[in-house]
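**Student:** Model the full structure from these sequences, guided by the hints.
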Amino acid sequence: MEAKGIYARLEQRFPGKVSGLKDAVADPLLMVDAQAIVEVGRFLRDEPELRFEILSDLTALDFPKEEKLQVVYHLYSYTFRHQVVLKVDLSREAACVSTMEGVWKVANWFEREVFDLFGVVFDGHSDLRRILLPEDWEGYPLRKDYVEQEEYDGISTERAPLVEKLLR
Amino acid sequence: MSAVGEYVRDITETVTTVFEGMAVTFSHLVRRPMTIQYPDRIPKPVQETLPLRYRGILEVDMDICTGCLACERVCPISCITIGIETSKETKQRTFTHFDIDICKCMYCGLCAEACPTGSIRHSQEFEGACYNPAGLVRHFVTEPVPLYKPKKGGETDPTLAEKVETGLKYLDEFASPEKGGGAGTEEG
Amino acid sequence: MDETLRSEGEGLHTEDMTISMGPQHPSTHGVLRFVIKTDGEVMREAIPDVGYLHRSIEKIGEKVTWHGYVPYTDRADYLAAMFANQGFCMAAERLGGVEVTRRGEFCRVIACELNRIASHLIAVGTFAQDIGAVTPFIHALRERETVNDLMEEICGARLTYNYIRIGGVGYDITPQTCDRITQFLDHFEPIVDEFNRLLSYNKIFIERLAHVAPITKEDAFQYNIVGPNLRACGVKWDIRRDIPYSVYPELEFDIPVGTGEKGTLGDCYDRYIVRILEMQESCKIVRQCLKMLPKGPAIAKVARKFKPPAGEIYVRVEAPRGDMGFYVVSDGSEYPYRVRIRTGSFTAMSLIDKLSRGLMVADLIALIASLDVDAPEIDR
Amino acid sequence: MQQLLNQLIQEGYFHGAPMELVYAGFMLLAAFVVLSFFVAPLAGITSWLERRVWARIQSRVGPNRVGPQGILQWLADGIKNLLKEDIIPTAADRRLFALAPYVVFAGFFATFVVIPFGSQLIVADLNIGILYLLAITSLVVVGILMAGWSSNNKWSLLGGMRSAAQIVSYEIPAGLSLLTIVFAAGTMSMQGIITAQGWAPWNWFLFYNPFTFVAFFLYFTAALAEGNRTPFDIPEAESELVAGYVTEYSGMRFLFFFFAEWGNLYVIGAIATTLFLGGWQIPPVTDHPILAGVLQFIVFFLKAYLWVFVAMWVRGTLPRVRVDQLMSLCWKYMVPLAFICLLGTAAWMVIWPQGNRLASFFMFLIGLGILGLFLKRVSFQIRHARPVLYLKPYI
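Chains as they are written, first to last, in the working numbering: chain A, 40 to 207; chain B, 212 to 399; chain C, 7 to 386; chain D, 59 to 453.
One thing to keep in mind: the hints can contain errors.
From the structure, some residues in chain C lie toward chain D, with a derived Cβ separation under 8 Å [said to hold, decoys possible]:
| hint | residue |
| --- | --- |
| 1 | Pro-32 |
| 2 | Ser-33 |
| 3 | Val-37 |
| 4 | Val-41 |
| 5 | Glu-47 |
| 6 | Glu-51 |
| 7 | Gln-135 |
Hints in this document: simulated from the structure, not taken from any laboratory.
These numbers were taken from a predicted model, which means no experiment stands behind them.
For every residue, glycine included, the Cβ atom is placed at its ideal position computed from N, Cα and C.
**Tutor:** So, in structure tokens, the structure goes:
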């Protein structure tokens, strides 16, 4: 189904929760209200005409200028071979969204990764721990304003440059 | 009955497949080994058998380096540092240093590709072990060297001409602009 | 496994044993760690702990230029660097509207399929090693070494290729190299048969793998299992055919799927044999490409300061470990705004906890090996 | 050996000394000589040969730097291990930990007592030789369990447990298949069994009847399992249990385990040779006792070493079985088959008490046929998939 059709179905099912369809770009994307994202996901998965069996990817984008974090869901359907991108806007200070774990199990690890690297908290997640970084790491590295801690466990994170850099 | 059949089949399958596997391994006993006795028991050094495209440790031919800084700019890991000084009296520009940190270098080949004369290129050398990371910094300029200026209509000095030719030959290995492009043909 | 294996004696006090498997363990490919709870030999659970090889490749993507990021993608999965190159370059090309030259596309496919052979050789070789057979591993590495030699001729590097560039390929494939590749394929196809006779049909090997940790179709969808692991579940899905990219639509090749011939559908043996069959398909593809290789430039004209217009794209590539997704966001500047690499091993790893319950310790090894997880790809 | 001692005593060399001490001293001397001049180099050279055989199977060269063709590699490794730090983990049970390698080693070394290297060359020709063998090899289990338990490492413990279960189970098929030969020979003495056979292959117990033929392979498989060799190396499965019961060992203690393992290989071969392959029997070519003794030793050694080679080759070929499969293989397949062989041989003995020469000869032909088929397959493999492609010109 084309992106417009999907949008129309979602509009009909969740009035006011879905907006901002962009279908002129390579991957058609639409914005979803943060409260409704799990419901939208479940609907997209179970609706016989849509059948998005797959959560291909779940990641986030940081926009410090616009003061928002976006969580991005890439859905794909093996049955109908169509895809859609869902985006959820969150505030940077209190980034929080419900977990998608109940719909697609793979979201468990994806969400842990997003929590680890962006600091988005997923409500209702069964095991929200850091996954790639150590438990006691400070900060969320993939945020644009991230400053690396100077030392970790007493080990400096800097390596002295062997070649003198010229200031130019 | 089928259970007995399965039992017998299990045994025969095991015996025959093991037999076959043993035949394969035995056949390898009488074949030539594939490995070489690096580094000493080989007829010629490995370096000499590597293709021209091989991306070994970077080397720079300072005699034909134009000082365009393309390599320094393109290096994604900034392991190349070039210093150029213009003398006040003669207006001649000379290199003060040209250092490459081999520790950092990831042998991607982008610098060699960007070089207009082929003076910076990957050699076939790959043995870089030393006791100190500082020993892996290659200093190509020990005393100030003047920049090379390409002459129109070909190089006249025979020693330099040879070097220019080597550089160009190296550049030919890339999918080069003459044949239709390459990163950096259009200045953006 | 069997209920009888569990020690549930009346009044007998038993305790589960917690073992830390890894990060230094011979059969955790790369550096992985599992916290396993076992009851004797039978696993209660195996919780993966990843991140030991995290190199922040995604963060680096925000700091280097579009051209400069290509060598970094090599490091995402160093056993199949070509596919990461391919994925990122495709994303950049689609964002920037660059048309890849036709010869460039064919060169890409040749290099990718050779790389797929090399990667699958590692997969089946280490698989054999984990099951306890030492020889097939070295035989597989021997063949991989020849592929590496070919790669060295094609692009000058053996592991981190940086061959595919935005707009085409960095080096053209010469006619001599084409001959070499044909020679290699002539030699390689019987070797695969020999490998099968040595290992794949071995009764002990089959017994070790059949019926072990089958993945159902539902689980595969839920956990987004991709690539050969998905095909082993009987799902005929291959990005090369189903979401075509490059010149794959012009090529003829089969998509091997698991049939459950020796055990249950989607068990370890299916995952193993799918890889063996895929190597043979790759040989076919390379042969076709060598025949069809057109004349012309290998790389298109691309600006040195490549600045694709603002936008975002999600590109899928069929890598040896499955659907490799590149989610690239551009804000119109010289640097990518965000590069996200979604890899097959990561999702496969998340399934291990569920599959491992009730397996034996030796089966866990087989399971990890059969999923072909690759630590650098999980952690990026 | 005993004859030599008796002769020395008769000639009055030990006049006045207590006879028990003389005997004990002589036995110790014999053990020392056997250990340092036969067993140690044998185990060492076996380790070297194993690495070379593996390497060739895997298209590699193998160790070839120390000494001619690397034959002294074992010496270099031994010295290296002697010089290494002997680490005992803090949490380990120190006494058991230190003792375990020697128990394992003793279990293997004591089997040399009854191995007949020649008609005269045997330490003690016990009349219950086979029983002694079966009993003494069980000592190895104790040592391995001790090692596994005392290391206080979970991998070691798992390895030790696996090993105990495995060795105890496989004693049964091994014992049963050896019993078939006891039936056929009518004696348990090693020398007695050898003299019951002839030098010609069709006089060997291997070809005595179809049952002994099968029993031989059963014995060999069970012996591999008892020796913790691939495909039954699950106690030290390096991809599962890191190194099993030897995980925590280092230096010389570590070496002792492998000493025992490689030496054990030879013992397996020697037992198989004695029971099935005619032992030291040589054709009547010479009357000279010393020359005959040397020939007997060479023949015995080569026959035994052939099976050491086969064990290496098997190790280079087969994957490892799983624990439950190991058990089911033992109890479902090998034990019943061994019983069938035992009963079959018994029936055979009833029908043909002196054996059936024709059947033996026929079995010999079948054996040759299998060998021929094998060589045919090998030549097929070589022709069919020849790694001819060497991209680098100098290789």
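**Student:** Take the hints in turn and mark each one as holding or not.
**Tutor:** Cross-check of the supplied hints:
Restraint check, Pro-32/C versus chain D: the minimum CB separation of about 5 Å is within 8 Å; hint holds. Taking 8 Å as the C-beta cut-off, the interface hint given for Ser-33/C holds, the closest approach to chain D being about 4 Å. Hint status for Val-37/C relative to chain D: violated, with the closest Cβ pair at about 15 Å, above 8 Å. Interface restraint check for Val-41/C: the shortest CB-CB distance to chain D comes to about 12 Å, outside 8 Å, so the restraint is violated.
Proximity of Glu-47/C to chain D holds as hinted, the smallest CB-CB distance being about 6 Å (cut-off 8 Å). A hinted interface residue such as Glu-51/C counts as satisfied when its beta carbon comes closer than 8 Å to some beta carbon of chain D; here the least separation is about 16 Å, so the hint is violated. For Gln-135/C, the shortest C-beta to C-beta distance to chain D is roughly 6 Å, which falls under 8 Å, so the interface hint holds.
In the structure shown, a violation is registered for the earlier hints numbered 3, 4 and 6, in ascending order.
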